[in-house]
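Chemist: Using the sequences provided together with the hints, build the complete structure.
2 protein chains.
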Amino acid sequence: MAQKVTPRSEDYSKWYTDVVQMAELADYAPVKGCMVIRPYGYALWENVQAGLDRRFKATGHQNAYFPLFIPMSFLQKEKDHVEGFAPQFAVVTHGGGEQLEEPLVVRPTSETMINVMYAKWIRSYRDLPLLINQWANVVRWEMRTRLFLRTTEFLWQEGHTAHATEREAREETMRMLEVYRDFAENDAAVPVICGRKSESEKFAGGVDSYSIEAMMGNGWALQDGTSHFLGQNFSRVFETKFLNDRNELEYIWQTSWGVSTRMVGSIIMVHGDDQGLVLPPRMAPIQVVIVPIWKSDEERAAVLGAVQQVQAALPGIRIRLDDRDGLTPGFKFNDWEMRGVPLRVEIGPRDVAAGQVLVARRDRVGEKKQPLPLAGLAERLPALLDEIQRDLFDRAVRFRTERTFYPTTYAELGEAVERGFAWAWWCGSRACEDKIKGDTKATSRNIPLQQPGGTGRCIVCGEQAAEQAVFARAY
Amino acid sequence: MAQKVTPRSEDYSKWYTDVVQMAELADYAPVKGCMVIRPYGYALWENVQAGLDRRFKATGHQNAYFPLFIPMSFLQKEKDHVEGFAPQFAVVTHGGGEQLEEPLVVRPTSETMINVMYAKWIRSYRDLPLLINQWANVVRWEMRTRLFLRTTEFLWQEGHTAHATEREAREETMRMLEVYRDFAENDAAVPVICGRKSESEKFAGGVDSYSIEAMMGNGWALQDGTSHFLGQNFSRVFETKFLNDRNELEYIWQTSWGVSTRMVGSIIMVHGDDQGLVLPPRMAPIQVVIVPIWKSDEERAAVLGAVQQVQAALPGIRIRLDDRDGLTPGFKFNDWEMRGVPLRVEIGPRDVAAGQVLVARRDRVGEKKQPLPLAGLAERLPALLDEIQRDLFDRAVRFRTERTFYPTTYAELGEAVERGFAWAWWCGSRACEDKIKGDTKATSRNIPLQQPGGTGRCIVCGEQAAEQAVFARAY
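Chains as they are written, first to last, in the numbering used here: chain W, 4 to 478; chain P, 4 to 478.
There's no promise every hint is true.
Which copy? The list can't say, so a pair holds if one copy fits it or any two copies do.
BS3-like mimics (lysine-lysine), calculated; alpha carbons at most 27 Å apart, straight line [stated by the list, open to error]:
#1 Lys123 to Lys35
#2 Lys17 to Lys440
#3 Lys17 to Lys35
#4 Lys335 to Lys60
#5 Lys82 to Lys123
#6 Lys335 to Lys298
#7 Lys444 to Lys17
#8 Lys335 to Lys123
#9 Lys7 to Lys123
#10 Lys80 to Lys35
What the hints contain is simulated information worked out from the structure, not anything from laboratory work.
On a predicted model such as this, the values are computed, not experimentally measured, just so you know.
Modeler: If you want it as structure tokens, here you go:
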């Protein structure tokens, strides 16, 4: 028998950990708060990277690499920044056998280092915009951790751009938010809400933060990516200036934006079911698994001949042939279902005789397998993968719709966030936000860019409210 | 006037730093011993990564990610390992505002962490071989640093494999050495000598180390990659065992192998000349730069029309159009020569009228530009890039041949290592190796796999010697 994951209804948290570990996506490291990303999970992350990196380059960004260590004094320059991040610092105090004169912080994020370098590289408006991204590891000390979602060390990309005007920097902030939405919805099949973070939830040191927020399978929210308009907050303290086209010295305008290995957690929790992982085809390390079935050597030869035909017909598809000995077909079916492979192709002697294969969709596990003629697979399988990609997205949208509520009373809000997202008028005050958090554990996820229009009364205090916010429990 | 690099003959070391900085490959970081890899240098590294990663996957390896922090106690388990690496440790003593019970070392290499995890994952011979690679940053505290060649933090890949038998692990060690040779020679156009490291130069904690060694433009050696047979040294101290097919518990056999951002330094020093960088086409972030030339708006339209034709004809080529305003064509020519772009295409009004472009090869700077008909560029330019790739390799082989010596006396050895590589019989004793180092600063680079055959007398002590070693000054 293949291993079984805990059903989601029984214990969602246990279900998640089971899926991550049984599908061999990641494992706990023997260092507090750290994880090991195993090959199957890393291949998923590589597909996330490829989808984002392609979009970054298409929008004119270049990759670079900045140091892991940041002198403590850099991080202390921007007051809000250090306040926000200091509790999570990991600090190197000794190097090469000696105590360091100045402690080095393992980067929690790189705005400060970026500003020191940009101040050196940027001379005039001709050097702008400067559009740089970095793929890197970062460290933020965590006490309560969860694989992929919250770990002391994690992998991410951090974009850091410099502009001559506020307008350009604000445009860049929104451009990258849209890049994230496009990736999340079209590649990861994860529907997201784009919006502005509240003052209390924004990036420490920024002016405005924006996020994409997705709904997980238990109705909780996960922030899948953030894009920050930093204004001149960092350039003022780091003296990052440029000569504008009127020959005057001016501080640069900046943005930063990031997506991390959390995105993998999001893919798991948005699509997974009680059989385990369900992967959208564009992200799946293995898109099609072929399980050959035979008894005699004669059958074996015929079946493997057909397998080769299928493989040859699908050069652009990521295929795995599961010809492991000593395992029953049933075991293999369960195993690959648990690992979320979008399509399973079974080929036995009778299929070969009939010139067909049997195809099972992971997202419709339990449904009748579909016989498909061998001859047309080169068109049918890629089309089926596209269909699955769309269906997973649609299913996630439907789920979110079912779990989205529009409470009009404070009591209704409390009930709504037990089950999903609550859109509600909010006056914008910290006090009302804190009250909701205190009473329900739900936080304001963001203030969606797409508002219903009009105005209303704050769901907490009843004062005039110009915007609705989305409230939800969140990872 | 574009910036000029210091000529190699005047000061090789200054030439190197000039090229790295003026071509904007890298910059000094404001943290002792660290560097910033700038976009152009990082794009070069991305091409190195792609060339290696493709080969790793083709030989059955998968990527994964292991933690940055390694508990001090792990590193202390293997005696030689800790002795070799301890002087270079960077140590995290504080996390989350508190002093840690056990200090964490920022990974200098991951054999110890790998063994802790492999001990958890490997049960039986069915789990073997386990073939994993990691792309990561590592930290080894350095006092004297040089951009790309020796920095406290650097980027690399580290392969870590586990096998059921010594034979398989030894085969893997040699397979990856060959992968490195193939990449270096065919993609980086860097000829290398494959060989075994001496006892004093081998990996701390391993059984046998192998390297690829290249000759830089000043005749010095650079170790471009290493592949280690670790035997059971780590599995014995970490109790990394498996059930063999006779149902007995056995220690796994291991290898590890790595190539780092040093490879970028090697590409710079093997191919560069007094005009700056010279990049082999397969590694070049920009393979062809187009410099359009016009005076009137009418000329501009005609020239840009031809430019579009060229771009459209070369979809698989990495092309940059340099249409920057306010810079003379001459400035641009020098600028792109300094940055090592393999081919420059000039298009002016007279070229358009003649239905041609002018092509200049970076590796033959100063030679007459070649007029090529617009019509045939789709075949000619890729062919020219292939030709440049081959010519750069051949030129590097010729240079190495000229600077390779076969001294028969100790005095000749001393003269040889002043200029390049010295192949010499060596008895294998540490004393003789140390004497050479003390007298000449040259070290044994490796004991080449391809030996001249026969035996000889050690060039130092005159005792019987079974093998020749290559001695050279090294970075």
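Chemist: It remains to establish, for every hint, whether it holds in the given structure.
Modeler: Do the hints match the structure? See the list:
{"no.": "1", "hint": "Lys123 to Lys35", "in the structure": "between (38 Å within a copy, 17 Å between copies)"}
{"no.": "2", "hint": "Lys17 to Lys440", "in the structure": "within (25 Å within a copy, 60 Å between copies)"}
{"no.": "3", "hint": "Lys17 to Lys35", "in the structure": "within (20 Å within a copy, 45 Å between copies)"}
{"no.": "4", "hint": "Lys335 to Lys60", "in the structure": "between (40 Å within a copy, 24 Å between copies)"}
{"no.": "5", "hint": "Lys82 to Lys123", "in the structure": "within (22 Å within a copy, 44 Å between copies)"}
{"no.": "6", "hint": "Lys335 to Lys298", "in the structure": "within (16 Å within a copy, 69 Å between copies)"}
{"no.": "7", "hint": "Lys444 to Lys17", "in the structure": "within (20 Å within a copy, 61 Å between copies)"}
{"no.": "8", "hint": "Lys335 to Lys123", "in the structure": "between (57 Å within a copy, 23 Å between copies)"}
{"no.": "9", "hint": "Lys7 to Lys123", "in the structure": "between (56 Å within a copy, 20 Å between copies)"}
{"no.": "10", "hint": "Lys80 to Lys35", "in the structure": "between (29 Å within a copy, 19 Å between copies)"}
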